[in-house]
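Got chain A sorted already, so can you dock chains B and C onto it with the hints?
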Amino acid sequence: MEQVYLGIVLAPLFGAVLAGLFGRYIGRSGSHWVTIAGVAVSFALSLLVFKQIIIDGAAPFNGAIYTWMVSDGIKFEIGFLVDQLTALMIVVVTFVSLMVHIYTIGYMHDDPGYQRFFSYIALFTFSMLMLVMSNNFLQLFFGWEAVGLVSYLLIGFWFQRESAIYANLKAFLVNRVGDLGFLLGIAVILMHFNTLDYAQIFKMAPHLAHETVTFIPGYEWSLMTVICILLFIGAMGKSAQVPLHVWLPDSMEGPTPISALIHAATMVTAGIFMVARMSPLFELSETALSFMMLIGAVTALSMGLLGIVQNDIKRVVAYSTLSQLGYMTVALGASAYAGAIFHLMTHAFFKALLFLAAGSVIIALHHEQDIRKMGALKNHLPITYWTFLIGTLALIGFPGFSGFFSKDAIIEAVYESTLPGAGMAYAAVMIGVFVTALYSFRLLFLVFHGESRVDAHTRKHLHESPWVVTVPLIALAIPSVIMGAIHAGPMLFHDFFGKAIFVLPQHDVLAHMGREYQGVMGFVLHGLIEPPVWLAFAGIATAWWCYIKHPEIPAVVMSRCATLYRILCNKYGFDDFNDTVFAGGGRRFGRLLWQVGDVTVVDGVMVNGTARGIGWFSSVVRHVQTGYLYHYAFAIIIGLVLMLGWPLLSQ
Amino acid sequence: MEHIIFYIFSAILVLSALMVITVRNPVHAALFLVLAFFTSAALWLLLEAEFLALILVLVYVGAVMVLFLFVVMMLDINLTVLREGFTSYLPVGALIATLILIEMALVVGPEHFGLDSVAAPVPHTAGYSNTQALGNVLYTVYVYPFEIAGVILLVAIIGAIALTLRRRPQTKYQDPSQQVLVRSKDRVRIIKMPSEKKRGGA
Amino acid sequence: MDFTLPNFAPAMPEIFVLSMACIILIVDLFLTEHTRVVTYLLSLITLIAAAVLTANLDTAEPVLTFSGTFINDSMAVVLKLFIYLITFVVLVYSHNYLRTRQLYQGEYFVLILFAVLGMMVLVSAHSLLTIYLGLELLSLSLYTLVALRRDSVSASEAAMKYFVLGALASGILLYGLSMLYGVTGSLDIGNISSHISTSIATPAEHSIVLVFALVFVLVGILFKLGAVPFHMWVPDVYHGAPTSVTLFIGTAPKIAAFAMLMRLLVDGLGDLHSQWQTMIIIVAVLSMAAGNIIAIAQTNLKRMLAYSTIAHVGFLLLGILSGTLNGYASSMFYVIVYALMSLGGFGMIILLSRAGFEADRLEDFKGLNQRSPWFAFMMLILMFSMAGVPPTVGFYAKLAVLQAVVEADLVWLAVLAVVFSVIGAYYYLRIIKLMYFDQPDDVAPLAAGFDMRLAMSANGLAILGLGLFPSGLLTLCARALNP
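Chains as they are written, first to last, in our numbering: chain A, 1 to 651; chain B, 1 to 202; chain C, 1 to 483.
Hints may be right or wrong, so weigh each one.
[To be verified] Label-pair restraints from in silico Cβ distances:
#: 1; chain 1: B; residue 1: G109; chain 2: C; residue 2: I282; range: 24 to 30 angstroms
#: 2; chain 1: C; residue 1: L454; chain 2: A; residue 2: L149; range: 30 to 36 angstroms
#: 3; chain 1: C; residue 1: G449; chain 2: A; residue 2: L149; range: 35 to 41 angstroms
[What the hints assert, rightly or not] Partial chain B-side listing against chain C, Cβ under 7 angstroms, derived:
#: 4; residue: V107
#: 5; residue: T140
#: 6; residue: Y144
#: 7; residue: P145
#: 8; residue: I152
#: 9; residue: L153
These are computed hints drawn from the structure, not numbers from a lab. This one's a predicted model, so the numbers in the text were calculated from it and none came from an experiment. Note that beta-carbon positions come from the ideal geometry of N, C-alpha and C, so glycine has one too.
Only chain A is shown next, with the shape it has when bound in the complex (with noise of 0.2 angstroms):
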């Protein structure tokens, strides 16, 4: 099986390299056939994978592949952990990968960067598989980082627009923050467990439990909430929580492909994924679990009121990526992390289809992003709009469809939980319920229904998108439908994770819930008794009162809650506060550094005085090297009599 799993991995690597290195001799269509090929590889054996572990109940792999080296008694090693939250992860990245892979060829057609970026995202699937494969800390920073660095490539793909630039420079240093709270979370575990290894490190997690550690003196802290808040801060960078998700609407400015990757299957799942992977430590530290649930409620919420106010149709699909996020976090916090993974698969389905039907919407508007100016698309785009409406049932939790499961199963979750801020989370994600169905039917009805605010010459060239764009559409529209009520009742409460994912007796809400669980009918049914699914349908009546009714009413809102307006479409304020006081504050700071520190002591001192220092020490040495041969021969004997002198004068 190790072949398997390297096969796995490795395929989109060779795609990767190939394309990269070779791109220019292979060509454009060399490219794109080696990477999906590779991808395509890669999907195959995961879903073989996928048999083995996960329908025949094959035990799950843990081993290590090669030695990287041992230091200190430390093994680094790369190795696969492959169990069915893996088996599960690595299906979900694949197939979606596969299916942005042919969607790119239709996307970025005449691109010049063709190559380039068939390369790069090839290259961001091969690290997002070793992230979930990992069997170590080692290799999932090393894929944590690698799809850090690749998503910095991606965003800034269009390397020549100064947004771009910006964006990605954005991603990259907000992940930065995140990512060196993660390395002090690996440090701190080095640090106590003396171990990379996943198995060692829950094997020894619960006689650690009761640890705590004094960084502060007269402080003391709980070792394992000390971890896990470190990891988890890592996790709100890559997953885009308050306030590190500033990022994420940015990324927006790379290609359509890429956001539906960044968003649905890779990046910002990797945070999710990582905390439900270390599962056995999160339990052990309740204080983590109700700080990830708070942070969880606040994205949720706020962040989908921000989708209201956004007028680009991608940034709205990104503010609902952050609300939908914020769920599963939520979830993650309530110890539902089978509800956590099972909404990011569905979302991983409906969102890279929503991103994909939106990039549709751009290519047929000749690369225009601004609502305002769409409307009544319906007609021009048939299949891209019926696509696009699954996506958004499937998001807004309609019955039936797949978020519907997964979103309610957080709800409920958060409702048995007991930890401390439980009931505010409950109150934030039943209000985010209104919210995501309100802004995701107000972009529907501007972009496919109501007017037509297209301009005349676009107009004249409407016409669907090619088949490479519609056939993954409609390939993730059907898992979007389906996958919800396939599998609700194994993931959810049945053994579906084994013991991939650790959960405490007395924090097993799912367990609880599942005792009620009467069939995928029955949780339909249940469902359309509950508080969520009429919030939903109030989010929808309320978009089409505002914008295809009357739509006049959003103006009117505008004007009178003009502070509010003014607050969401600051975005809270985060982009300035980072602004002024981080970069702002950085660079006076750097100002300081740089004329104290850089031009007074170490151009002054050190680099000058180096460079007069060494020109000082190569004239004496000049002197000594004067290529005469009795000097040479001085100096041996010179070195030989203090070599004699030395022990002589040291007895």
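This is chains B and C only, laid out in the frame that chain A set:
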């Protein structure tokens, strides 16, 4: 008695070695070196190492030094040029030399290598042959070092030949085979010319 | 006189190389300038066959033969194999270089084979006598190789300096060896070691003599390695010798010198560790300091690499001075890695040179990226590796020795070493800057042949590959010393 002979020869050895590096005339220096070899051969004789002593005289004095003398005489080196820096380097050199001397005296002095710390070797019986003893071990126990020493000599020969054997374009040399193979027409070219009448008178 | 025939089997590689060297010497007499490629090929075949013979030796237990003057153990086998490999590549690199410079003589190949033989003797020496003879065989061959280009004034000068200083160092070494013999009464390394360990157990009257013998021996070895203050010959000889010879001197003999260090200092005088540790610390610090700082001021690449060699020797000594098996293994790793990097570095100069043009100035590397991106990349890897930048193998070499130093509770020394390697990074990175950011003065296409290009690429990729997967070679070194 042995002590007295030892000290006499040692004194001559040290003095002649000193002369080798101080006398002005290179021929004299070479000759002092010969003297040094002779005295050390005498010291070896005292140690009953007759074979080595004789080899030293035969090889070094008889072959190496004679060759050396030839070279020195033929090259006519102007030593005054070589000695120009001598006085300016003398103080430093003397200091280092003294230091080494002190350090060496501390180590190889009588307390470590004196007569009482190293037992005197037992004299051999009359029939003992130094040469035979060497011959017995040279090709048996020490065959490996001996062979390598042979290889070193081979390399020395190769090196010497490679570095000296070369054709300078301006060097004049004979090639007998070419001389033998030469044919008359290579040397004399007979050109037929129509006879010309004497023009005019004298 | 009872004497049994020695066991010749462990020395088969030596016997084979010697026989082949003599055969090639004679065969070459019948060859002309145009058919001399036969000599070249025969030399390569000799090295391959010797490697096969060596690899087939049984090293489960160290084998002594020739009355204890010869030892074959796993360290000897590993080091010999690397010596063959490096010499093989040296010959491939220099083949074309020699042809374009009237250096294409049979003697070149024969002398290199004799030098290899000398190194083999040295690596397998188990007696003061064989150590000395091996060293002399190696040195004499090298002196001649340096001088082989008789019409070049700089080569003759370099050969003269090398010869005289080498003779002086040999004399010093021999003096130390004779003192050792005087104190212990034996030439055999094993006997010397056991004599010292018993005399250290009882308060020894000979100890100061032993220490003096140690100093003399040490000076002899340090000269061969080129450590400060016995380094003066290194830049002049590296600079003056033809590049193909510098290539050889700078690589394989360092491995032999390491073996000599191991045999004499560790196997023989290991019990005097407390004595030689301090001396080596001083020498190592001086070497790293002088090598790295002076290299900055160089404009000639061969000279710069010479100083970088001195700095690397400082690092190599760090592993030795820790006095642990781990430390020795890390030094062994370092010396092998260093030889491979140095091979690439000098090989690059040969690659860029052509008839009538030596590419040994730093300016000659200007804008190499525009002329040949691939070889600029190879040079980049080599320079990164020399500077110790991960993921090249040079990083692991430095890491391993530093680890050994830290384990020996000499953290300050490790810190100092890192500081010096940071200083050193400057001049390696300068070459990268020249290659990638400057405009080329000279736009002639590279003249190197296919074999050279292939070997150079393999060399560069090996540095990268070993850096990505260092554990194989690391384990090999550790196992060679501690089977």
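Evaluation of the provided hints:
One distance hint, 24 to 30 angstroms for the beta-carbon pair B:G109 and C:I282, holds here, with the actual separation near 26 angstroms. Taken as a hint, the range 30 to 36 angstroms holds for the pair C:L454 and A:L149, whose Cβ atoms sit roughly 33 angstroms apart. Distance hint for C:G449 and A:L149: a CB-CB separation of about 39 angstroms, consistent with the stated range 35 to 41 angstroms. Evaluation of the B:V107 hint against chain C yields a held restraint, the C-beta minimum of about 5 angstroms falling below 7 angstroms.
Hint status for B:T140: holds, given a least beta-carbon distance of 4 angstroms to chain C, under 7 angstroms. A least Cβ separation of about 4 angstroms between B:Y144 and chain C falls short of the 7 angstroms threshold, and the interface hint therefore holds. The interface hint given for B:P145 holds, since its Cβ lies 5 angstroms from the closest Cβ of chain C, which is under the 7 angstroms cut-off. Using the Cβ-Cβ criterion of 7 angstroms, the hint placing B:I152 at the interface with chain C is satisfied: the shortest such distance is roughly 5 angstroms.
Contact between B:L153 and chain C, as hinted, is not supported at the beta carbon level, the nearest pair being about 10 angstroms apart and thus beyond 7 angstroms.
Checked against the numbered hints given earlier, the structure breaks only hint 9 and satisfies all the rest.
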